[in-house]
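Peer 1: Read off the chains here:
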Amino acid sequence: MIEIVINSDYCKGCSICVAFCPRKVLQTSNHINSKGFMLPEVVNLDACTQCMLCEIVCPDLAIAVTGK
Amino acid sequence: MLKHPMLKYIREEGPAGKRLPFILCPGCGAGQVLNYTLHAVDEIINQPGVKKEDFVFISGIGCSSRLTSHYLNFDSGWTLHGRALPVATGVLLANPKLKVIVFTGDGDAAAIGGNHFIHAFRRNINITVICVNNGLYGMTGGQVAPTTQPFTITPTTPYGNVEEAFDLCKLATVAGASYVSRWTTAHPFQTIKAIKKGIANKGASFIEILSQCPVHEHKTPVEMINALKGMTVSIDKSMNSNKIPVGEFHFAPRPEWTERYEAIIEKCNERIS
Chain A
1 MIEIVINSDY
11 CKGCSICVAF
21 CPRKVLQTSN
31 HINSKGFMLP
41 EVVNLDACTQ
51 CMLCEIVCPD
61 LAIAVTGK
Chain B
1 MLKHPMLKYI
11 REEGPAGKRL
21 PFILCPGCGA
31 GQVLNYTLHA
41 VDEIINQPGV
51 KKEDFVFISG
61 IGCSSRLTSH
71 YLNFDSGWTL
81 HGRALPVATG
91 VLLANPKLKV
101 IVFTGDGDAA
111 AIGGNHFIHA
121 FRRNINITVI
131 CVNNGLYGMT
141 GGQVAPTTQP
151 FTITPTTPYG
161 NVEEAFDLCK
171 LATVAGASYV
181 SRWTTAHPFQ
191 TIKAIKKGIA
201 NKGASFIEIL
211 SQCPVHEHKT
221 PVEMINALKG
231 MTVSIDKSMN
241 SNKIPVGEFH
251 FAPRPEWTER
261 YEAIIEKCNE
271 RIS
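Chain order of the listed sequences is A and B.
Under my numbering, the first residue of the first sequence carries the number 1, and numbering increases by one thereafter.
Under my numbering, the first residue of the second sequence carries the number 1, and numbering increases by one thereafter.
Isolated chain A, as found in the complex (with noise of 0.2 Å):
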């Protein structure tokens, strides 16, 4: 089972996430967290490969997805 959890305190809403997943997983979205940036969210899972690379492209250390 694929898990994508975005640490809301952490992000700060640059959809580099979105931009570099090559399955469209991610999507910005309308949340906003404490500090008033868009979060994304997770709207197409079943397409999901775990190639990590949202993980090793965020800047804030905020995306994780569950390992192999």
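These are computed hints drawn from the structure, not numbers from a lab.
Fair warning: this is a prediction, and the values are worked out from it, not measured in the lab.
Just to be clear, a hint being listed does not mean it is correct.
Taking lysine-lysine and the DSBU-like style, the derived pairs with C-alpha atoms no more than 35 Å apart in a straight line are [claimed, not checked]:
| id | chain 1 | residue 1 | chain 2 | residue 2 |
| --- | --- | --- | --- | --- |
| 1 | B | Lys170 | B | Lys193 |
| 2 | A | Lys24 | B | Lys8 |
| 3 | B | Lys229 | B | Lys52 |
| 4 | B | Lys97 | A | Lys24 |
| 5 | B | Lys18 | A | Lys35 |
| 6 | A | Lys24 | B | Lys229 |
| 7 | B | Lys3 | A | Lys35 |
| 8 | A | Lys24 | B | Lys243 |
Model the placement of chain B on the given structure of chain A, informed by the hints.
Peer 2: Frame of chain A; chain B shown alone:
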């Protein structure tokens, strides 16, 4: 809760409370480079015989340099502006078995620390210099830097920059570094590979990573990363191109400074006894 795997190397809690999130602006390339560096360091620590205590991070002043001693759970030092390389030389002379990583920015390495930069590579000291090059002075307001591309508009060059930019990779190569490569924040796997090779190389290694400053260039981080992809070209295809070449520029291991120093100490001891 599931956590980012690299948070095991970060001090999330400090004496004054929570340290994270990072002080950086949203979408800053320095955070990405720290993530790549931690991935490379993690792969090396997982090899047999390497401990977390073998690594020392040294940095100067600047956006990227704030990341090491403030957040990393490694031995680290936060030194004067531009003087990270002399401090790293001292650390290495005290214990040549350490793996010293200098995490620096372009203002720190090329502008105020330019002289230390060339002499550290001339001596071929066993350090790995990771330079986050965003082409401007981000911390003070986005002013023109020695690495700003010509015709770029910044607060101090409102009609465009008239100077040519420093090519740090060429400078490091001619100064005598034994491993030189350049990548961008848009090349995560290549950067991780280059940092691993730089740490494994016995000698001075220089890895320049072209980065984005979304706040001072008034663009979104994704636009800037796509622009970085567009303005760079692989070194194999860079012959008839005016784009910035990326890739491995130079790899020529040669005798290292601390080894030579220890050989002299042994010679002197023999003469005394």
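Peer 1: Now look at each hint and say whether the structure bears it out.
Peer 2: Comparing the hints with the structure gives:
1. Our distance criterion of 35 Å between C-alpha atoms is met by lysine 170(B) and lysine 193(B), whose separation comes to about 20 Å.
2. At most 35 Å may separate the alpha-carbon atoms for a hinted pair to count; lysine 24(A) and lysine 8(B) meet this at roughly 28 Å.
3. Between the alpha carbons of lysine 229(B) and lysine 52(B) the distance comes to roughly 34 Å, so the proposed pair stays at or under 35 Å and holds.
4. A threshold of 35 Å between alpha carbons decides the hint, and for lysine 97(B) with lysine 24(A) the separation of about 45 Å lies outside it, so the pair is violated.
5. A threshold of 35 Å between alpha carbons decides the hint, and for lysine 18(B) with lysine 35(A) the separation of about 15 Å falls inside it, so the pair holds.
6. Restraint check for lysine 24(A) and lysine 229(B): satisfied, since their Cα atoms lie roughly 19 Å apart, inside the 35 Å limit.
7. Restraint check: the Cα-Cα separation between lysine 3(B) and lysine 35(A) comes to about 20 Å, which is no more than 35 Å; the hinted pair holds.
8. Only pairs whose Cα atoms come within 35 Å are accepted, and lysine 24(A) paired with lysine 243(B) is accepted, the gap being roughly 30 Å.
Checked against the numbered hints given earlier, the structure breaks only hint 4 and satisfies all the rest.
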